[in-house]
Amino acid sequence: GDSVTQMEGPVTLSEEAFLTINCTYTATGYPSLFWYVQYPGEGLQLLLKATKADDKGSNKGFEATYRKETTSFHLEKGSVQVSDSAVYFCALSYIGTGGFKTIFGAGTRLFVKA
Amino acid sequence: ETGVTQSPTHLIKTRGQQVTLRCSSQSGHNTVSWYQQALGQGPQFIFQYYREEENGRGNFPPRFSGLQFPNYSSELNVNALELDDSALYLCASSLAGENEKLFFGSGTQLSVL
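Heads up: the sequence lines are chains A and B, in that order. Just so we're aligned: 54 in the working numbering is position 54 of the first sequence, and the numbers increase by one with no gaps anywhere. Just so we're aligned: 55 in the working numbering is position 55 of the second sequence, and the numbers increase by one with no gaps anywhere.
Hints were generated in silico from the structure; no laboratory data involved. Hints may contain errors.
Under the rule of at most 25 Å between Cα atoms (straight-line distance), these lysine to aspartate or glutamate pairs were calculated in the DMTMM-like manner [claimed, not checked]: (1) B/101 x A/15; (2) A/60 x B/100; (3) B/101 x A/42; (4) A/68 x B/100.
Here the structure is a predicted model, which is why all the values come from computation and not from measurement.
Generate coordinates for the entire structure from the input sequences, incorporating the hints supplied.
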């Protein structure tokens, strides 16, 4: 079945370090891919998205590229800040024969130290 | 522009009871979806409603049911509550055709004793 697997956390980095959070997926259709972020005490919010192979989503210095050949959508940021501390969720969605489907990964908690 | 609002914020029920959770969509949004998020896990898709009809469903039993009203607000009903139903229940709204741009509420924390 369809699934999303992301690296387990927590990930702890120092400020200005490079961030990678790995995400791979399996899907029967041609999904759109997303990263959502949940800051402490807040609801989930869309961080970035990519809707087809080789698309790059970007927002707030974060980037992820839709790699169909490796079924991956890794999240990267060149220089993290303390304010990036949050839980990050990789997700996919598509419209199948049964209608809309979406699957989230388990989440990766990021701690950034000053 | 109002965001997605959910009520109540917290709820305690006992096993076997029934519960109704409510969601008001973001202004202008006509599609609503519901998710169950267990502690330390990602949200699991329950179902989506568009034009007052179910538009997609995840792997949840029939005792999880929903409604969408003409004003696009929505309810999630869970019958015969089980202990494993204890979780944060999230509602998200979107525009039809823009399912990837979900706007989430803060959720209802349900505890089943």
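Enumerate the violated hints, using their earlier numbering and listing them in ascending order. 1
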